[in-house]
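Asker: One letter stands for each residue in the lines below.
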Amino acid sequence: MKNFHQYILKGKVSDSTEEIESYKIFRVLTAVYFVFTGGHTTEILRLLSCLSESYSPRHYIFADSDKMSEAKIRSFEQKRAETFSNSQFTLDRIPRSREVRQSWTSSVVTTLYSLLYSLPLTYRLKPDLILCNGPGTCVPVCISALLLRLLGIKRAIIVYVESICRVETLSLSGKILYYFSDYFIVQWPDLKEKYPKSVYLGRVV
Amino acid sequence: PFPPLLPPQVLQSRGYQKLVLQVGRGELKPALRGSPALAVEAFRFKDSLAEDLRRADLVISHAGAGSCLETLEEGKPLIVVTNEKLMNNHQLELAKQLHRDGHVLYCNCSTLVETLQSMDLSTLKPYPPGQPEKFALFLDKVVGFQ
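Residue numbers (UniProt numbering), protein chains in the order written: chain A, 1 to 205; chain B, 1 to 146.
Each hint should be verified, as a subset may be incorrect.
Derived coverage of chain A by chain B (criterion: at least 3 residues anywhere in the stretch with Cβ under 8 Å from a Cβ of chain B; other residues may be distant) [stated by the list, open to error]:
1) 60-66
2) 102-115
3) 144-155
Below 25 Å or equal to it, Euclidean Cα-Cα: the simulated DSS-like pairs (lysine-lysine) are [unchecked claim]:
4) A:Lys-192 to A:Lys-175
5) A:Lys-175 to B:Lys-96
6) B:Lys-46 to A:Lys-79
7) A:Lys-194 to B:Lys-134
8) B:Lys-96 to A:Lys-192
9) A:Lys-175 to B:Lys-134
10) A:Lys-72 to B:Lys-134
11) A:Lys-197 to B:Lys-46
If you are wondering where the hints come from, they were derived from the structure by calculation, not from laboratory data.
C-beta: ideal position from N, C-alpha, C; glycine also.
Build out the structure end to end from the sequences listed, making use of the hints.
Answerer: In structure tokens:
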């Protein structure tokens, strides 16, 4: 995990707390990904509301069929820019990998199609951290990140937060990413019991 | 789907003076006529229900997670009316849990009137806000920002 950080220490070593404090500002992430599909935008923006300015630049990725998210993100970022002066963010759309009630077999095809878009995007931005809460769109992005990891190009930490709506059963994206995420967060104790590898922090949205 | 289920007398008898309906693709002219004692207003969709929720004394809603949470966060009493035929099972999960935890009243179309007549809203427990700061703390540790 250690090599994940990028410390830009300008070749200096210092014991002074003050200087170390100032270095903290330079500890940067190359990119942070936020992946979601409409409807869950509110949830992920709430999670973001408490994250420090270190989580920057922020790249939002959502489904191209999603009409609502862009305005919500823009107004969220606008508010954030009032507090933090150097706010950086981008918005990217990729084809949705699975529509509601779409069959498993056709979902595989649309996911591959979606992968055609998410792989170059992930390769270009090489995120350090991917935060997603499903449904659908996060699967191809996470597959892309895993491919980059396998190829030794970039190791992104994948954090999946299951929606507050899921009390007893996981979403399809959740069932898949339970096995492929580094940290899998659930918001109800029943799910924690069923999925022991998951992390339960109480309700976080 | 509710108006035909809601005899105005029931609302009046509980002291409500105005009913605001979001009818979606349903009939815009409410089947339920207003009366001097109960005003009725209807609309199809709004970008945000926040204003209506703020003014409401009671909210009756389907089990959709968004509507449930938005209402509870506004601190308003909520009756969730389920229609198990229309909803995927997982969409009911949250409403059922909120009912188990005492945050909402829960009924189906045929028991709505009964619920309205017998409800005691003071028994509902307030819904504490979620804690995204716990998530931020967790993520800081994961990433090494601490």
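Asker: Confirm or reject each hint.
Answerer: Taking the hints in turn, this is what the structure says about them:
no. : hint                   : verdict
1   : 60-66                  : violated (count 0)
2   : 102-115                : violated (count 0)
3   : 144-155                : violated (count 0)
4   : A:Lys-192 to A:Lys-175 : holds (13 Å)
5   : A:Lys-175 to B:Lys-96  : holds (22 Å)
6   : B:Lys-46 to A:Lys-79   : holds (23 Å)
7   : A:Lys-194 to B:Lys-134 : holds (22 Å)
8   : B:Lys-96 to A:Lys-192  : holds (18 Å)
9   : A:Lys-175 to B:Lys-134 : holds (24 Å)
10  : A:Lys-72 to B:Lys-134  : holds (23 Å)
11  : A:Lys-197 to B:Lys-46  : violated (41 Å)
Violated hints, in rising order: 1, 2, 3, 11; the structure is consistent with all others.
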